[in-house]
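Asks: So the chains spell out like this:
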Amino acid sequence: MKRYFLAPLVLAALLVLLLLRPELMTPLLRLLAEPGQDLIYDRKPLMTLALWHLALVGAAGLVATATGLALGILVTRPGGAEFMTLARMASNLGQTFPPIAVLAVAVPLLGFGFEPTFLALCVYGLLPVFETTVAGLRGVSAPVREAARGMGLSGVQRLWRVELPLAMPVILTGIRLSTVINIGTATIGSTVGAVGLGEVIVAGLQSGNTAFVAQGAALVALMAICAETALRGLGRLADSGALTRA
Amino acid sequence: MKGAMIRVEGLTRRFGDAVAVDAIGFEVARGEVLALVGTSGCGKSTTLRMINRLIEPDKGRVEIAGRDAREMAPDALRRGIGYVIQGVGLFPHWTVARNISTVPRLLGWDRSRIAARVDELLELFGFDPAEAGPKYPAALSGGQQQRIGVARAMAAEPEILLMDEPFGALDPVTRARLQDEFTAIRRRSGLTAIIVTHDMDEAFRLADRIAVMDAGRILQIDTPERLLRGPREGFVRQFVGLDDRALRILSLHRVRELARPAPDAPAPAQWVAPEDTLREAASRLIWEGGEALAVVEADRITGEIRAEDIWRVGTRGAA
Amino acid sequence: MSAPARRAALVYAGPALGGLALLPLLDFRANRIVGGDGVMAWAATGGSAYATALLAALALGTILSGSQVLRLALALAALALLGWMAGQGAEALMAEASEFARVSLGGGFWIAAAFLALAAADAAARIGLRAMVRIALLAGPVAALALALQTGFFDDLSILREYQANRDVFDAALAGHLRLVLGALVPALLIGLPLGWLCFARPRARAVILPVLNILQTTPSIAMFGLLMVPLGALARSYPGLRDWGVGGIGAAPAIVALALYALLPIAANTYAGLSGVPAAMREAGRGMGLSPARLLAQVELPLALPVILTGIRITVVQTIGLAAVAALIGGGGFGTLVFRGMGQAAMDLVLLGTLPIVALAIAASLAFDAMIEATARGEAA
Numbered sequence: 001m002k003r004y005f006l007a008p009l010v011l012a013a014l015l016v017l018l019l020l021r022p023e024l025m026t027p028l029l030r031l032l033a034e035p036g037q038d039l040i041y042d043r044k045p046l047m048t049l050a051l052w053h054l055a056l057v058g059a060a061g062l063v064a065t066a067t068g069l070a071l072g073i074l075v076t077r078p079g080g081a082e083f084m085t086l087a088r089m090a091s092n093l094g095q096t097f098p099p100i101a102v103l104a105v106a107v108p109l110l111g112f113g114f115e116p117t118f119l120a121l122c123v124y125g126l127l128p129v130f131e132t133t134v135a136g137l138r139g140v141s142a143p144v145r146e147a148a149r150g151m152g153l154s155g156v157q158r159l160w161r162v163e164l165p166l167a168m169p170v171i172l173t174g175i176r177l178s179t180v181i182n183i184g185t186a187t188i189g190s191t192v193g194a195v196g197l198g199e200v201i202v203a204g205l206q207s208g209n210t211a212f213v214a215q216g217a218a219l220v221a222l223m224a225i226c227a228e229t230a231l232r233g234l235g236r237l238a239d240s241g242a243l244t245r246a
Numbered sequence: 247m248k249g250a251m252i253r254v255e256g257l258t259r260r261f262g263d264a265v266a267v268d269a270i271g272f273e274v275a276r277g278e279v280l281a282l283v284g285t286s287g288c289g290k291s292t293t294l295r296m297i298n299r300l301i302e303p304d305k306g307r308v309e310i311a312g313r314d315a316r317e318m319a320p321d322a323l324r325r326g327i328g329y330v331i332q333g334v335g336l337f338p339h340w341t342v343a344r345n346i347s348t349v350p351r352l353l354g355w356d357r358s359r360i361a362a363r364v365d366e367l368l369e370l371f372g373f374d375p376a377e378a379g380p381k382y383p384a385a386l387s388g389g390q391q392q393r394i395g396v397a398r399a400m401a402a403e404p405e406i407l408l409m410d411e412p413f414g415a416l417d418p419v420t421r422a423r424l425q426d427e428f429t430a431i432r433r434r435s436g437l438t439a440i441i442v443t444h445d446m447d448e449a450f451r452l453a454d455r456i457a458v459m460d461a462g463r464i465l466q467i468d469t470p471e472r473l474l475r476g477p478r479e480g481f482v483r484q485f486v487g488l489d490d491r492a493l494r495i496l497s498l499h500r501v502r503e504l505a506r507p508a509p510d511a512p513a514p515a516q517w518v519a520p521e522d523t524l525r526e527a528a529s530r531l532i533w534e535g536g537e538a539l540a541v542v543e544a545d546r547i548t549g550e551i552r553a554e555d556i557w558r559v560g561t562r563g564a565a
Numbered sequence: 566m567s568a569p570a571r572r573a574a575l576v577y578a579g580p581a582l583g584g585l586a587l588l589p590l591l592d593f594r595a596n597r598i599v600g601g602d603g604v605m606a607w608a609a610t611g612g613s614a615y616a617t618a619l620l621a622a623l624a625l626g627t628i629l630s631g632s633q634v635l636r637l638a639l640a641l642a643a644l645a646l647l648g649w650m651a652g653q654g655a656e657a658l659m660a661e662a663s664e665f666a667r668v669s670l671g672g673g674f675w676i677a678a679a680f681l682a683l684a685a686a687d688a689a690a691r692i693g694l695r696a697m698v699r700i701a702l703l704a705g706p707v708a709a710l711a712l713a714l715q716t717g718f719f720d721d722l723s724i725l726r727e728y729q730a731n732r733d734v735f736d737a738a739l740a741g742h743l744r745l746v747l748g749a750l751v752p753a754l755l756i757g758l759p760l761g762w763l764c765f766a767r768p769r770a771r772a773v774i775l776p777v778l779n780i781l782q783t784t785p786s787i788a789m790f791g792l793l794m795v796p797l798g799a800l801a802r803s804y805p806g807l808r809d810w811g812v813g814g815i816g817a818a819p820a821i822v823a824l825a826l827y828a829l830l831p832i833a834a835n836t837y838a839g840l841s842g843v844p845a846a847m848r849e850a851g852r853g854m855g856l857s858p859a860r861l862l863a864q865v866e867l868p869l870a871l872p873v874i875l876t877g878i879r880i881t882v883v884q885t886i887g888l889a890a891v892a893a894l895i896g897g898g899g900f901g902t903l904v905f906r907g908m909g910q911a912a913m914d915l916v917l918l919g920t921l922p923i924v925a926l927a928i929a930a931s932l933a934f935d936a937m938i939e940a941t942a943r944g945e946a947a
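Protein chains in written order, with the numbering used here: chain A, 1 to 246; chain B, 247 to 565; chain C, 566 to 947.
One chain only, chain A, in its complex shape:
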């Protein structure tokens, strides 16, 4: 189990280090900045921004995952097959709308800052979870489903004890995709005032300070890769069955 989580732990440690001691990045940033510009973003503590960023992505991730799971389960039940086309079309549409568009439309309705970004991330994070939930549940082999039914497991029991555990590795892939994409997408929220690491990037764009842009980008990318490796490790844990062994 340890080797699954070694990489993410190292990356997380590096991230925390850079967030608390951003001066360490100075030598590299010097190459990018024009003379006279600030190198390190210091309007707000980077750690605070990072935590807000995580909170935003985490909250949206919870909603997107819960919704995606629920829709995916609903659509694969015998009564719900009719809604498959609707759910698929809606999710596809969600993916076609660029996040900036969702933000742009949400701002007049919800104001600036956290709320429209939260909505945009929920919408954007929904499709991967929904698609993988459907694929995972459908991937449970027919004899297993037939045997579970024939043995007298009720619908809920089948879902909870057999189908979901078996679908879990695939579903985790979707959750991982959704989370990693959202970490990047959340930066766009800073263009409408959401608190997060995107602020550093946007500040850099507005003042033409490439060092800021690079800082923000590096920190977000590090966060994203850390999340990717951590969730991949979780996925491998699920694959090996350790999570659902009875």
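These aren't lab readings, by the way, just hints derived from the structure by calculation. These figures come from a predicted structure and were not determined experimentally. Every residue, glycine too, gets a C-beta built ideally from N, C-alpha and C. Any given hint might turn out to be false.
Claimed, not checked - For the chain A half of the interface with chain C, some residues (derived, Cβ under 10 Å), not all of them:
#, residue
1, 97
2, 187
3, 237
Said to hold, decoys possible - Cβ-to-Cβ under 8 Å is the rule here; a few derived chain B residues that face chain A:
#, residue
4, 300
5, 304
6, 324
7, 325
8, 339
9, 373
Unchecked claim - A few chain A residues that don't get close to chain C, going by computed Cβ distances all over 10 Å:
#, residue
10, 15
11, 62
12, 63
13, 83
14, 191
15, 201
Given chain A, put chains B and C in place with the hints provided.
Replies: Structure of chains B and C alone, referenced to chain A:
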């Protein structure tokens, strides 16, 4: 039949315009094994699945131990019936032991009783409980998986077993071995069973009575021997297959049925055991030449069996 | 229609009618500063009440009708009626108002339009038409919409007023957006397709290429755009001639490069997946018949991998069209310009004027590629 374990009356099921099962009726006595045989699409699987209500009939009635199957909730009904399918369907994320204990857990048995039952079943099917219990289905061979599938179906001590092509996916050698194992086990446990198969030989090996189905109807329902001796229609004749029928009838009988006391004259040089089939005895007689074989039990000659007696069994018009 | 199918039809028609019943069809504002008054669907003009009743009847028809073809026709008719009501209503409201008044499409319109469109798409899907037929079917409503726009039927709606006022900006944005997308896709295809093949042919290359592309993909888009400004700016400073070609620190160049980089992963990954999905048996058979590796690739592997590769390209095109919206942040042009301007001015109409074309382009590209994918996949036997 009084006190039949399973009774089916007027069972009908349509899919769209097609009639899959057409007003079928039959009974299965306690401890009996009935085989439903026929070609693909004849309705045998559909019939089986209407008994544990995986499919609901359009018309007709299913009675189990005298009670209408519709009286119980479907899930509760199925927990009392063992169900084995061709793909086995062992849950890949649980150990063998956990798989077997599925229904007992649902029924709320206490842990020690479950553990004891799991060990008992594993031994019954030829496994070492300590070794096989913790294994995962992926680590088992096809034949082993199928055995565990049957063990799982028997875990909660059901009185009825429903089996749909249970040994179809196995190679002939493993299949024959499992069929013999199953026969021994079910005789010991007194289980009632309905087996669906398209393989006539399998039906012959496993069943007390066979129902030949076609296009949703039962054409003839009889013991294997009576089917061989008196197939009623063209389809039954074709399906049962009348080549070798004399030899196949012989394989339904054992040497002990015809063994006579040993004569005063010296015993024949070649011998058979009481549990050997008459077909094996006949084959031995043809090979070795001669008119009689000694019957040997525990290294002692206990009687003899004569060729003419054997021939008489296989003759048309015999019992 | 079976009971479950009726339930599904209800899911579309219900919200459509509910939206119209609860939310206004149009929003009327006396001027830009004053808040808006909602105008319900039945109140817009003299004939609106009858039109609304007819619309409700059409929507109910989609639930009750037994044939999917009828459902499709009813849904399309309802959409047309909805559009007509919006245009007529806007005209009637503006006729009596000052020149500073604005009539925009209300929540009721959007919800009804969205759900009726979904209902039509659902019915079309259930009929089981081939993709080409579906696209042809779409041509009808699109042509009708174009005609209505051309003849000025919708001109009283604020969004069209905005369009009139900013026509040159809009046209520039359209040209810019297309330039961004095509400018990024061509190099991405030229590099990504061979990269994908390389991942397939040389497993060791794959272990390096895919993770690197993955890292590119996780870099947030605004950061990528921003970062590319540096090297391109430096390049333009060293080689002033490049500036004449439009290469520079700001503008479309860094955006195009960034978009191309983002496009690499889906193209390469799907090319690799498509090629490795070709059954080994087919490759065996081909080699056994004496096909050279190049011939094998051209005649066997690529054709069989085509559906998956095209899917990757479709994903890329849709993604690029969407990402190009952010290019406006670094002066790259495209419809993002309108979106950000609208956000800055709190003008929903400008935002929509920028967003709707992006969505329309993405949907059009998606449908076109779906048709292509279906056509190539059909060539495969079981």
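Asks: Determine for every hint whether it applies to the structure shown.
Replies: Outcome of the hint check:
1. 97: Given a least distance of 6 Å, the restraint on residue 97/A holds.
2. 187: Since the shortest Cβ distance to chain C is 4 Å, the answer is holds.
3. 237: violated, 21 Å
4. 300: holds, 6 Å
5. 304: Nearest chain A Cβ about 18 Å off; hint violated.
6. 324: At about 3 Å, which falls below the 8 Å cut-off, the nearest Cβ of chain A leaves the hint on residue 324/B intact, so it holds.
7. 325: holds, 3 Å
8. 339: Interface hint status for residue 339/B: holds (5 Å vs cutoff 8 Å).
9. 373: violated, 19 Å
10. 15: Holds, since 13 Å exceeds 10 Å.
11. 62: holds, 21 Å
12. 63: holds, 20 Å
13. 83: Since the minimum Cβ distance to chain C is about 6 Å, residue 83/A lies within 10 Å and the statement is violated.
14. 191: violated, 7 Å
15. 201: Check fails; 5 Å does not lie beyond 10 Å.
Hints 3, 5, 9, 13, 14 and 15, counting from the list given before, are not met by this structure.
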